[in-house]
Every structure is written in C-alpha cells, then in structure tokens.
Amino acid sequence: MQLPRLPPRTARQLSSGRLLDVGVILGATALLGVLVVRANVVLNHHWDWSVIGTYLVRTDPATGAWEPNLILQGFFTTIRLAAWSLLLGTVVGAVCAGLLVYGRPALRWLSRCFVEVVRDTPPIVLIFALYFFVSSQMMPLLGLQGDLTIAPGWLRATVAVVLAPPDRINDFLSGLACLALLAGAYITEILRAGLQSIPRAQTEAGYALGLRGWAVFRLVVLPQAVRNVLPALAGQFIISIKDSSLVALISIPELTYMTSEVSSSTQRFFEVWLFTAGLYFCVCFALSVLFGRLERRWRRA
Amino acid sequence: MLIRRGVMTLACALLLFTLPARAQPAQGSTIDTIVKRGTMMVGMATFVPWAMRDKDGKLIGFEVDVATKLAADLGVKLDLVPTAWDGIIPALLAGKFDVIIGGMTITTKRNLTVNFSVPYDYAGSSLAVSTSLQNGFKLDALNSPNVTIACRRGTTACSNAAEYFPKATLRQFDDEAAIVQEVLNGNATAFAASEPLPSRSAAQNPSKLFTPLSQEQELNRLPAGMAVRKGDVDTLNVLDNWIAANSKFLRARRHYWFETQDWRSAVGG
Numbered sequence: 001m002q003l004p005r006l007p008p009r010t011a012r013q014l015s016s017g018r019l020l021d022v023g024v025i026l027g028a029t030a031l032l033g034v035l036v037v038r039a040n041v042v043l044n045h046h047w048d049w050s051v052i053g054t055y056l057v058r059t060d061p062a063t064g065a066w067e068p069n070l071i072l073q074g075f076f077t078t079i080r081l082a083a084w085s086l087l088l089g090t091v092v093g094a095v096c097a098g099l100l101v102y103g104r105p106a107l108r109w110l111s112r113c114f115v116e117v118v119r120d121t122p123p124i125v126l127i128f129a130l131y132f133f134v135s136s137q138m139m140p141l142l143g144l145q146g147d148l149t150i151a152p153g154w155l156r157a158t159v160a161v162v163l164a165p166p167d168r169i170n171d172f173l174s175g176l177a178c179l180a181l182l183a184g185a186y187i188t189e190i191l192r193a194g195l196q197s198i199p200r201a202q203t204e205a206g207y208a209l210g211l212r213g214w215a216v217f218r219l220v221v222l223p224q225a226v227r228n229v230l231p232a233l234a235g236q237f238i239i240s241i242k243d244s245s246l247v248a249l250i251s252i253p254e255l256t257y258m259t260s261e262v263s264s265s266t267q268r269f270f271e272v273w274l275f276t277a278g279l280y281f282c283v284c285f286a287l288s289v290l291f292g293r294l295e296r297r298w299r300r301a
Numbered sequence: 001m002l003i004r005r006g007v008m009t010l011a012c013a014l015l016l017f018t019l020p021a022r023a024q025p026a027q028g029s030t031i032d033t034i035v036k037r038g039t040m041m042v043g044m045a046t047f048v049p050w051a052m053r054d055k056d057g058k059l060i061g062f063e064v065d066v067a068t069k070l071a072a073d074l075g076v077k078l079d080l081v082p083t084a085w086d087g088i089i090p091a092l093l094a095g096k097f098d099v100i101i102g103g104m105t106i107t108t109k110r111n112l113t114v115n116f117s118v119p120y121d122y123a124g125s126s127l128a129v130s131t132s133l134q135n136g137f138k139l140d141a142l143n144s145p146n147v148t149i150a151c152r153r154g155t156t157a158c159s160n161a162a163e164y165f166p167k168a169t170l171r172q173f174d175d176e177a178a179i180v181q182e183v184l185n186g187n188a189t190a191f192a193a194s195e196p197l198p199s200r201s202a203a204q205n206p207s208k209l210f211t212p213l214s215q216e217q218e219l220n221r222l223p224a225g226m227a228v229r230k231g232d233v234d235t236l237n238v239l240d241n242w243i244a245a246n247s248k249f250l251r252a253r254r255h256y257w258f259e260t261q262d263w264r265s266a267v268g269g
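Those protein sequence lines, which keep their order, are chains L and W.
Numbering of the first sequence is given in the working numbering, commencing with residue 1 and proceeding in unit increments.
Numbering of the second sequence is given in the working numbering, commencing with residue 1 and proceeding in unit increments.
Keep in mind the hints are simulated off the structure, nothing from the lab.
Keep in mind that the hints are not guaranteed to be accurate.
Computed footprint of chain L on chain W; a stretch qualifies when at least three of its residues, placed anywhere within it, have a C-beta under 8 Å from a C-beta of chain L [what the hints assert, rightly or not]:
(1) 43 to 52
(2) 90 to 103
(3) 171 to 182
(4) 224 to 233
We put the beta carbon where it would ideally sit given N, CA and C, even for glycine.
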C-alpha cells in the first residue's frame, strides 16, 4: 500500500517527536546504569556466577549424563504448579462465574461466599490451613500417597513427571489446591465481569436469529466476554505464576524454596536470587507475549 | 428448601473438618511406626554446616551423618524431609516426619510443644559485628537504639540478641545468607547466629566483619536435641540411649563438620 507523502512540517514534527523518544530511552538506560554502578559500590560484592551452573545441572556420577540440579528441579516444579493451578483455577473460575451470573440464588450465594473468603483473607492463612488440615489430616484418609507407594513403576514415574514425586504427593496437592482456589477466586470475578459486559441486546439478537439458550451463550456471549477480559486474565495468570512461590512456606520444593536452599548453602545470595528472578521473568514474559498475540488475533476476528 | 440445603452443606463441611480429629488416634509410638514402615522420616532445615546442599543437590552435614547412622542402627531406610525452619515444629506435630534432627536447641518454650531427646550436640550463638565499631569495641555499644542486629527468624540467636541488646532494633530474615549480607551492605551493625557462621563470615570478610566474642564466651551455649511429638516415651528412650552409646561417633562428626574445612569443596559458591 502506498502511504501518502507527509507535508514537510509534519515530517519535522515527527522527527522531533522521535528525538524525544530516543532521549527518554537513553535517559532510562543511563538511570539504570547509574543504579547498577551504585549498587555495586554499596554492595561491595565479589560476584561469582559459577554457583548458578553448579546448581542448575549436575552430571550423574554413574552414567555421566546431565540431569537437572536443585534450581532446575525447582523450576520444573514451579512450571507444574503453575500449569495445573491455572488450569484448575480457570475451571473453578468458569464454574463460579457461571453460577454467579446464571445460577439459582443459593448457588449464587455459595459462589459469592467462596470468592469473598478466598479473596479477603491472606493467602498464607489459606496455605497453612490446607497444609495442616487437608494435607496432614484428610489426604491420609484418602490414602493416595499410600496407594502410590505400592503402585506399579510406570504409574509412579508418570505421577512424578506430571505432578510430583509420589512420596511427597500429599504436600504437593495441598499446595496446588491452594493455588488453584486462589487463582479461581480472582478468575471468577474477571469472567463474571466479562459475562456481564455483554449487553442484553446481544442475547436477544441471538434468540431472534433462532438460536437456543446454550448456543446463544456459546456462540454469542462467551467469545465476546472472553475477548473483553483477555488483558485482565493475562494479568491474573501472571500473578498466579508468581504466587506459586507462596508454597515455599510449606517446603514444597519449587523454584523459590530451592533458591533459598541454594543461597543458604552457598551464601551466594544475590547471584542465586537474581537468576531466579530472571527465570520467573522468562515464564511470565512468555505468557504475556502469548496473550498479546491472542488478543490481536481475536480483535481481528 | 434452599435454606435446608445450605445448612446441610455447612454441616457436611463441618463434619469433614472434625472427622480427622477422631480418625487420628494415638497409634502407638513413633518408633514402632518407623520400624513397621521401614523408613525413618527426618525433618531438617538448611543451616551450614548442620545440613546443606552439596554440588549434586544432595543434603550433607553434621545432622545428615547423625540421621544416617541412626537409621542404619535402627535397620531402616532414611528419608530426609527438607523443611522451612519457620514451620518445622508445626510440621512435626502434623506428622510430616517422625523426628527433627536439625540442630534444634533445647529451649523451655520449644519444650512446651515438643519432647526433646538428651543433648547430642550443642549450639553456641555468637555475633559478627561491622568493623566500623572495631576501635575500642565494648559489647554494650550494641545495646543502643542506633544499632540494628540481623538474625534468622525463630532461632535462639534471635532471642539472645533481643535479650542482651533490648535497645537495638532486631531485623529478622528467613535465611542465613540474608543476615550476613545485611551487615556486609551496612544495613545492619551486627548479626547474631549460631557458630560457626559468625566466625566463618568474619574470616571471609576481614575488612568488613569481626567477632567480638571468642568461642568460649559466646552469647549463649545451648544443648541441641532431637525433637519428637509429645508423650512418646518409647521413642525418646531409643533416641536417648542411641545418643549415649554413640558419643564417640558424635564427637568425631562434630570435629569434622565444625572444626575442619575439609567438606567445603563439596559445596558450590
């Protein structure tokens, strides 16, 4: 496509505007540089990043093959926690939002209670409550951990890859349940806002076209609702990934817990924590990019 | 109708929460459970050199040696359960593991919630102070509102610091690395911790830190015991007698981990 030629004055305005942008970016970079230099002066710290490599991968003494060491193990656990808690949280959120908008009064009330209890109490309390009551008292009654210890090897291996090592599955599940409930409560409100943002006229138009109730919801309301709340949903997903670090409090060996183990053992506090921050950034940024793409695609649709 | 359904739901929820209390009777002693299970589960937190991670990510340290020998003598496998120090006693009470072997000093307050074996080790809490105070240093200088002392939350060193220097500000962290760094950065004047951390940090950063107390005049020296759930005489008896019978082994291991640096290359950083 041929762009119309800009008149000279507009071009000059444009270039001065660009100069301003360049200035702002240079300024920000300089500020960051000063901060880094200052931090180095104040810290008086001898940086030694070799500790990262050591605790990232190790070589198996028997076979000589590479395998994940503490930091990478923690990273994988965080990914598992995040993936499952987002999946379950979305299911919980979708069900509760559906109940809030379309449910009968008792269900609406229950759903509202759930959201308010989870949202208005400190997550740490929820984590400890689930850990000490559910994981320590109720899970053993279910006997899952005991069943798994006598389960065939392939099942144990699968559980270890998909969830957590079978002999620590109760703790993992209680941490996961907590993260899923937390995410679920916030996602409920986001999805509710989405569903309620669709004007009634849309539903009525759907009916006028001869669609039935479920079809109207699936074809007319839902796509628009989700599209409207996509940015908020992305924010909540990113928060949920970072919230997974809360379960370090109950010693679930995810990234934050492993990082504190390594930093305590080696006294390489800054190196290890900065690296871990970088790992969290990578995951969250990837999610951010993914949602950005989704948003653009659905806007076109 | 609706109200009744709500009440029923509530009742079910309540029942679920009260059920476990009844479903967990006193099932004999922990030591029986350990032998029957064939595995001893030991809770410990990372404290150099009691328990820490070597380059392969495995737990090593004084406590690991103690737990390994104890399990071997009992004829069971050992399952080490790394646990955040902050919640280690609740985790023991909740049955997450059988015993804490984690450099836990015997204090009266802790003794109200758990039972301790006879001491198998001791931990002395001491100080490392910023060299800015080194000229004509007196211990009293730390008892001032201008002083900030860093320590690890829930440790005996923390309560000792609060006791001896009531006017100073106490800043508590969740791990050891942070309290050392806080003094190195100049945000705190001193840190209080179990030896050998203070003397080792001072040796590593002679221009920044010094230890005002020699090993003989620590802030406090407290016995360390293995902690088990209360009211379990059988388990305590086994532990006590094991400790009495292994004094030579314990001394040798203490020498290796606390007085030599031979293990240092096993840990990265």
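Each hint tested on the structure:
{"no.": "1", "hint": "43 to 52", "verdict": "holds (count 4)"}
{"no.": "2", "hint": "90 to 103", "verdict": "holds (count 5)"}
{"no.": "3", "hint": "171 to 182", "verdict": "holds (count 7)"}
{"no.": "4", "hint": "224 to 233", "verdict": "violated (count 0)"}
Violated hint for the displayed structure: number 4, the only one.
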